[in-house]
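Enquirer: Read off the chains here:
There are 2 protein chains.
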Amino acid sequence: MANVTPIKGAAVIGQSGGPTCVINQSLVGAALEMRKSKAITEIYGALHGVAGMLSENFIDLRKEDLKTLKAVAETPSSALGSVRKKVSPEECRAIFKNFQKYNVRYFFYIGGNDTAETAHILNEMAKEEGYELRAFHIPKTIDNDLMVTDHCPGYGSAAKFVAQAFMGDDLDNRSLPGIKINVVMGRHAGFLTAASVLGRTKKDDGPHLVYVPERAFDVDKFVADVDAVYSRIGRCIVAVSEGICDAAGEMILHKFAKSSEVDSHGNIQLSGTGALGDVLANLVKQGLGQKYQKLRVRADTFGYLQRCYPGVVSKVDQKEAFEAGRTAVRMALGEDVDGSVAIKRLGGSKYAVKYVRTPLSSVAKETTHLPDAFINAAGNDVTKAFVKYALPLVGELPKVALLKGVKVKKKS
Amino acid sequence: MANVTPIKGAAVIGQSGGPTCVINQSLVGAALEMRKSKAITEIYGALHGVAGMLSENFIDLRKEDLKTLKAVAETPSSALGSVRKKVSPEECRAIFKNFQKYNVRYFFYIGGNDTAETAHILNEMAKEEGYELRAFHIPKTIDNDLMVTDHCPGYGSAAKFVAQAFMGDDLDNRSLPGIKINVVMGRHAGFLTAASVLGRTKKDDGPHLVYVPERAFDVDKFVADVDAVYSRIGRCIVAVSEGICDAAGEMILHKFAKSSEVDSHGNIQLSGTGALGDVLANLVKQGLGQKYQKLRVRADTFGYLQRCYPGVVSKVDQKEAFEAGRTAVRMALGEDVDGSVAIKRLGGSKYAVKYVRTPLSSVAKETTHLPDAFINAAGNDVTKAFVKYALPLVGELPKVALLKGVKVKKKS
Numbered sequence: 011m012a013n014v015t016p017i018k019g020a021a022v023i024g025q026s027g028g029p030t031c032v033i034n035q036s037l038v039g040a041a042l043e044m045r046k047s048k049a050i051t052e053i054y055g056a057l058h059g060v061a062g063m064l065s066e067n068f069i070d071l072r073k074e075d076l077k078t079l080k081a082v083a084e085t086p087s088s089a090l091g092s093v094r095k096k097v098s099p100e101e102c103r104a105i106f107k108n109f110q111k112y113n114v115r116y117f118f119y120i121g122g123n124d125t126a127e128t129a130h131i132l133n134e135m136a137k138e139e140g141y142e143l144r145a146f147h148i149p150k151t152i153d154n155d156l157m158v159t160d161h162c163p164g165y166g167s168a169a170k171f172v173a174q175a176f177m178g179d180d181l182d183n184r185s186l187p188g189i190k191i192n193v194v195m196g197r198h199a200g201f202l203t204a205a206s207v208l209g210r211t212k213k214d215d216g217p218h219l220v221y222v223p224e225r226a227f228d229v230d231k232f233v234a235d236v237d238a239v240y241s242r243i244g245r246c247i248v249a250v251s252e253g254i255c256d257a258a259g260e261m262i263l264h265k266f267a268k269s270s271e272v273d274s275h276g277n278i279q280l281s282g283t284g285a286l287g288d289v290l291a292n293l294v295k296q297g298l299g300q301k302y303q304k305l306r307v308r309a310d311t312f313g314y315l316q317r318c319y320p321g322v323v324s325k326v327d328q329k330e331a332f333e334a335g336r337t338a339v340r341m342a343l344g345e346d347v348d349g350s351v352a353i354k355r356l357g358g359s360k361y362a363v364k365y366v367r368t369p370l371s372s373v374a375k376e377t378t379h380l381p382d383a384f385i386n387a388a389g390n391d392v393t394k395a396f397v398k399y400a401l402p403l404v405g406e407l408p409k410v411a412l413l414k415g416v417k418v419k420k421k422s
Numbered sequence: 011m012a013n014v015t016p017i018k019g020a021a022v023i024g025q026s027g028g029p030t031c032v033i034n035q036s037l038v039g040a041a042l043e044m045r046k047s048k049a050i051t052e053i054y055g056a057l058h059g060v061a062g063m064l065s066e067n068f069i070d071l072r073k074e075d076l077k078t079l080k081a082v083a084e085t086p087s088s089a090l091g092s093v094r095k096k097v098s099p100e101e102c103r104a105i106f107k108n109f110q111k112y113n114v115r116y117f118f119y120i121g122g123n124d125t126a127e128t129a130h131i132l133n134e135m136a137k138e139e140g141y142e143l144r145a146f147h148i149p150k151t152i153d154n155d156l157m158v159t160d161h162c163p164g165y166g167s168a169a170k171f172v173a174q175a176f177m178g179d180d181l182d183n184r185s186l187p188g189i190k191i192n193v194v195m196g197r198h199a200g201f202l203t204a205a206s207v208l209g210r211t212k213k214d215d216g217p218h219l220v221y222v223p224e225r226a227f228d229v230d231k232f233v234a235d236v237d238a239v240y241s242r243i244g245r246c247i248v249a250v251s252e253g254i255c256d257a258a259g260e261m262i263l264h265k266f267a268k269s270s271e272v273d274s275h276g277n278i279q280l281s282g283t284g285a286l287g288d289v290l291a292n293l294v295k296q297g298l299g300q301k302y303q304k305l306r307v308r309a310d311t312f313g314y315l316q317r318c319y320p321g322v323v324s325k326v327d328q329k330e331a332f333e334a335g336r337t338a339v340r341m342a343l344g345e346d347v348d349g350s351v352a353i354k355r356l357g358g359s360k361y362a363v364k365y366v367r368t369p370l371s372s373v374a375k376e377t378t379h380l381p382d383a384f385i386n387a388a389g390n391d392v393t394k395a396f397v398k399y400a401l402p403l404v405g406e407l408p409k410v411a412l413l414k415g416v417k418v419k420k421k422s
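If you're matching them up, the sequences are chains A and B in order.
Per this note's numbering, the very first residue in the first sequence carries number 11; after that it's consecutive.
Per this note's numbering, the very first residue in the second sequence carries number 11; after that it's consecutive.
For the record, the hints were derived by calculation from the structure and aren't laboratory data.
Certain hints may be false.
It does not matter which identical chain is used: a pair holds within one copy or between any two.
Distance condition first, Cα-Cα at most 25 Å in a straight line; then the derived BS3-like pairs of lysine-lysine [what the hints assert, rightly or not]:
{"#": "1", "residue 1": "LYS107", "residue 2": "LYS420"}
{"#": "2", "residue 1": "LYS111", "residue 2": "LYS375"}
{"#": "3", "residue 1": "LYS414", "residue 2": "LYS329"}
{"#": "4", "residue 1": "LYS360", "residue 2": "LYS420"}
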C-alpha cells in the first residue's frame, strides 16, 4: 500500500442487516484505528445504518471511553443499531448530500452483500461528482454467503452456537430417543446448517441428516432417509436450513404452510416462526406413523438465538472481526481506495489468514453457496472437507462424554 | 444420623424425565459415594430408568473409570438414558421382583415428582413385604416445581440459558426494533420463564413483559400490555411460559391452535413445536397491525435447547446437583431410611445451603408454583424478590455493554 497522505475529513461508520455476536468487534476495531488518525477529524457512528445517515442521527465515537468500547466489542448485536432498509437511488443521493454537508471522506459500512451494495452505490456517486470518498465494506454475516472472502466474520460464532446446540440435542435425544428436527437459519446458503455437524465425534452422533438449500428437498426422500436412520439406531436428528426448496424452487415452508411476510429486500420472513419445523415433523408423522408405534417426533427452530447468544462466541471469529474493522480503516487511510475487506486463508497445516482488499462490486452483486465438495453425494449430509474448512473458524467446543456402559449379565 | 451398620446388597440408580445440564452430576456424585462403600456390593445403572429396571438392562458403574465419570458429570443430558414411562402397579411389582432377584437394597432415582412417586411406590412395596430397601429420590427438574426443596438441581443451569438468551435477544431487538415473543418451557410453574429477567441491568432492558402459568392469560390485556410498551419505547420483548391458560383454565395454545399429542403421564406435548409463539405473534399483529405501520412481530420457541445446551451451565447448580447425589447415598448408608434430598437455603447475606431429608411422599404428591410474592400485581412481570431468590442459583452472567452514545449536533 502506497503511503499517501490521507485526505482530512470526517468518517461515518454504520452497521446493517442481522446482528451477530462479533459485529461490534468490527465496529470497535475500526473506531480504535480511526481514533489514532489525525486525518479523520470526526468519527460519526450512524444510528441504524442508512436510516441514521438519512436523518443525520450520528453519535460521536471519539467521546466513548476506551473501557466502554472494549466492553461493547465483547457484546453481541449491533451497538449502533441496525437496519434492513433497502435504499432507493433518491435516498442514496440524500445520504451523499449529508456526507458532503459533514465533510465525510471515510465511510465504513459493516454488513452483508446488501450493505456492500449500498457502499458501492455511494462510492460510485462520489466518483461521478469528483468528491473524494473512501468507502469500505466490512464483511459480516452469520450465513457466510459473501463472495471473495474465505469466510465472514460472524459465521464462526453462529456456527459455534449451532454446533453446541446439536451436541446438546444429540445427548438429549440419546436419553429420550425419537426423531428430532432442528431448523437452522440460512435462506440460500447452507453453511450455518452444515455447522450442525461440527460437534460430532463419536459413532452415531447426530445430526444424522443435514439438508441445505443448495440441494432440492424431496419430501419422499427425506422421509425415507429418516426411516433408514431410525430403523437402524432408534433415533434420528435432522438439521435443516430454513430456506430449503423443492426441485421446482418452491420453498418447502410455502408448499405446506402459509407465510406471507416479506421484508423490504423482498426476502420472505422465515425466522421467528416455528412453521417449517412443524411442517416437517408432520410429514414424518404422516409418513412413518403407521410403521412405528409411539413415534416421538419433535421440531425446534433455533431462531434468533443463533445470532446474538452472549457467552457462546468463537475466539477466532472475535479476533478476525476486530481485524477486519481495523484493516478497513488502515486500507482507507493508506490510499485513495475503496473496497471490501476479504479474509484469505493461508496454506500450511496451521490455520492462519491474511486480510486483502477486494472491489466493492465483487462483493455487492452476488452471494455464494456451499461448494459441491462440502455436500455428500446423497445430498443429506456434509463432507469431511466442510469440517476441515469450518472447524478452525469455530474454535474449541465443549467436551462431552458417554459412559463406557459395561452391561451387567442378566440373572436367569 | 445414627451410625448403623448398613445392610449389604446391590444398588440401582436411574435417571428419569426430561434431561438437564447437571443430572449427570447427581449420577456421578452418587456413584462415587457408592464406590466408597463396602456395604454396596454392586452398582447397577438402570438404562432408561424404569424401562431398564423392568428389562434388567443394567450397566456396571464400578467398571467406569474415574476420568470417564468426571467427564460424564460435566456432560449434559442423562448418561444412563431417561424415560417418560408412568409405571403401572403390575410393573412396579415386576421391578420389585427384579430388585429382590439382584438383592438390590439401595435404590436411587433422579428426577421430578413422577420419579419420586415411583421411588415411593417401590419403597412402600418393600415395606409391605418386609424387604429392607433404602429408596432415595434425588431431585432434578428445570421447572423448579418440586415441593419442600428451596430449588431443584437443573433449574439454575436452565435459568442461566434462558437469562442469557433474553440478554442476547434484547440486544438484538435494540438493534432491529420490533415486538419479539419468546416461549419458554414450563407447563404449570413459571420459574423458568421468570428467569428471563435475570440479565436485566439497564433501564428498558427486556423482557418487558413476563407471563407465567400462575396467572390467567387474557388475550386483550396481553395485546394492551404490548401496545403500552411498544408505544413508549418502540420495541417490546415478551417472555411467556408454554403452559399459559385463560381464566377458565384452557391452554392458550389449544384455544387458538391445534395440538393433540399426549405423553404417557397425560401431559400434552408443548415443547418441540413453535405453535404458541406463532399464535401469540398473530394475536399481536391482529390487535396492533392497524395502529402501527410495518409492525415487526416475531416469535421464537426456545425448545429443547433450554435443558441440554453444553457450555452454558451454572457452577452453583453443578455443585449442588453433585452434592444432592452424594448426600442421598450418605443418608441411605447412614440409617435404614428412605426419602428425597431437599436443599435448604440458609439465612445470612451470603448464599449457602444445606441438604436435608424429606419423606418421599412429601415430594411425590404435588408440584409447587411461583409464590405470589414473585409475581407483580399486574401479572405481567416478576418482582425483585424473585430476582433475589433466583440470581444466586444462576451465578455469573456475561457482561454486556451499550455505547454511551453522545449525539452529534445536526448541521442546519
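Enquirer: Go through the copies and call it for LYS360 and LYS420: within, between, both or neither, with a Cα cutoff of 25 Å.
Expert: Neither: 50 Å inside a chain and 50 Å across chains, both beyond 25 Å.
Enquirer: Are the CA atoms of LYS111 and LYS375 at most 25 Å apart within a copy, between copies, both, or neither?
Expert: The answer is neither: 29 Å in one copy and 73 Å across copies each exceed 25 Å.
Enquirer: Cα distance capped at 25 Å. Does LYS414 pair with LYS329 within a copy, between copies, both, or neither?
Expert: between (38 Å within a copy, 23 Å between copies)
Enquirer: For LYS107 and LYS420, with the copy left unspecified, which applies at a CA distance of at most 25 Å: within, between, both, or neither?
Expert: between (83 Å within a copy, 14 Å between copies)
When each numbered hint is compared with the structure, violations occur for hints 2 and 4.
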